[in-house]
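Asker: In case you want the letters, here they are:
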Amino acid sequence: MTHTTPRVSRTADEDADRRAELLLRAPAVAVLLIIAAIVIGVFITAWPTYHHNGLLWLGPGGDVDRQLDSMINAGANPGPEIFKLRAWSLIWATVLTTGFAVVLGTITAVLAAIFIVEFAPKRVESIVVPMVRLLAAVPSVIYGLVGILVLAPWINDHLISAADRKSVEYVIPLTGPGVLASTLILTMMITPIMVSLVTEALRSIPRGWREGSVALGVNRWRAMWSVSVKAARPAIVAAGVIATARALGEAIMLAMVSGGKGFAPQPWDGKIFFFEPLRPLAATIANNAESLNSAALRSSLYAFASLLLLSSFALSVGAYMAKQPMRKYGLR
Amino acid sequence: MTSVPLKPRRGSGTGGPSRVAILRRELSEWRIIDLIGYAGAWIAGTMLALIAFGLLAFLAVKGVSYLSLDLVASRPEPGIDQSQTGGILDPVIGTLLMILIGTAWALPLGVGAALWVVEYGKGRRLARAVESAIEVVAGMPSIVIAIFGLAISQMGFMGLFSITAEGGAVFGRSFLIAGTAMSLIALPLIFSATREGLLTVPNHIREASYALGKTQAATIRRVLLPSVRSNIGTGTALGMGRIAGDTAIIVILLGATLRIQPAENAPPLVDLLRGTGSTLTSYVYNNSPAGEGNAPDKAYAAGFVLLVIVLLLNFAISAVLQRRGKGQELTR
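In order, the protein sequences belong to chains P and B.
Under the numbering used here, think of the first position of the first sequence as 1, with each following residue one higher.
Under the numbering used here, think of the first position of the second sequence as 333, with each following residue one higher.
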């Protein structure tokens, strides 16, 4: 899109124009500088943790909660040994909750979007669509409140048996909040956004494509699944990426329903795995932000933040690349 | 091979019992895997609507039963039992203040940056940098913004914006600081809404204005800004909703004190901006079992008020969009 700059001979007008340009350029530059400052600031503050641990801090070793506690106790001038950090259980918790929620959410969202676009009678559609929009607008702390006051106690009372509790009583207490509660609530939080994005993508697929395949004798589900969903695959991936970014960064809600233990749930524990408490990276930052005065802890929290930032960069780039094929068809 | 026509577009309603009969006959010819998918779509769609309805009904019942005019109009009190902890007036004011301060920063920054990028920056490297920076901040978890904000605001030269303790340590938490951080969550929404709006304004409208001898600055002010007003409104309302719903920034940057505590020795208004407080989100968090308060009844009531605020903002968006739909037909 190009537009010709007006050729006006009067210099007063040109001056006014130049002033307007500068006036509007200022916010653009300010935004750029603020964001650059955040990114650089996070990495600089995180540097001591990278310096003392290398990339080993991403790996397992020792109890991360005990490491964080000793950082808090060491105060403002800690020795180099205090910086020791092995955050694998927190990273694993982030991967687990995000992974489960995104997989569950994508399946639900694609099915729900197909329902809205193709199968829902008009009256049902006019109820489902505003309801989904409503779910997307609910603040995460409300999901957290319902999770910790309703879902977690229910899991504790009905799903965890006394035998389950006893089998791990020396390792970790099972009280309700944990993998299952976090995953379900997180799924509920990210699915509505994905439904709206996927619905929009499915609607943008030309009707003729589907009509063509129905004319060839394919039933409506097949036409939807093998034509529309296939063509909208890039948009579905992009929706998944956006949902992943939301899930990665969710702090307060997960601090409420995750159980708040720096513990890595083990999938080979079977059924108990779903009840084991955990604490993702973002929730760890939220829980410990009071103690930023401690130098070692501060650096560690910023290292967590840097990891979240890097992942969200990677996800933005991923979403951008995923959408390219759809542009090729000329669909948005 | 019989087959029902694809779902008719909005407005061209057919329906009726004959359609159901055809559908039943059609379904009997489908393969089992298609039927499973069809059933899955129905289940996913209706389940989401039911969850949304259930959540809303649950919060409405819980919220209304604990909510009273007295609760909203009285200030919180420190207390052990939830019957003594007073009302939620301060958090309500806090939420409104946060929306106000955040929008006051984000609106000029977002609109200005979008105007510059679209009207002046086309193809320039700076414009692309601004666009990608805003993309980055859109994907940035709010907890990262929050702890970065705290690191900056606790620096000595920022003492002006919050309370300074006896020893000279800057507290780094205040309405002004939290509001400024909040503006970063609203910024991408306002920026992209404005940008989308500007991109849909056809070039001949700009050219018509230039042909009348208007400068580019006058064109922006008299022609472009009025025509993207509804876009700006939608983006701002979305941003306000996000600000009202965010918890991480409040917990870390507003101090989440029970009552609004203005800074001492400062002129009115300035003392409020430099003071600490809480919002509905942090009130819900602190009164849930995850926080220190543990007053679930109050948390439900505050959560309900929060939900009402967010839903009202959503209604505003729908209203703006509907009006724009009508307006577009008239102007274009």
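There's no promise every hint is true.
As the list claims (entries may be wrong) - Lysine to any residue pairs mimicking SDA-like chemistry, simulated, CA-CA at most 20 Å apart:
#	chain 1	residue 1	chain 2	residue 2
1	P	Lys84	P	Ile44
2	P	Lys166	P	Leu149
3	P	Lys323	P	Arg203
4	P	Lys122	B	Tyr542
5	B	Lys454	B	Ala371
6	B	Lys546	P	Arg19
7	P	Lys166	P	Phe274
8	B	Lys454	B	Tyr542
9	B	Lys546	P	Arg203
10	P	Lys122	B	Lys546
11	P	Lys122	P	Arg207
12	B	Lys454	B	Leu531
13	P	Lys122	B	Ile354
14	P	Lys230	B	Ile368
15	P	Lys230	B	Gly372
16	P	Lys122	B	Asn597
17	B	Lys454	P	Asp17
18	P	Lys122	B	Leu531
By construction, these hints were calculated from the structure, which means they are not laboratory data.
Asker: Could you work out which of the previously given hints the structure breaks and list their numbers from low to high?
Answerer: 2, 4, 5, 9, 10, 16, 18
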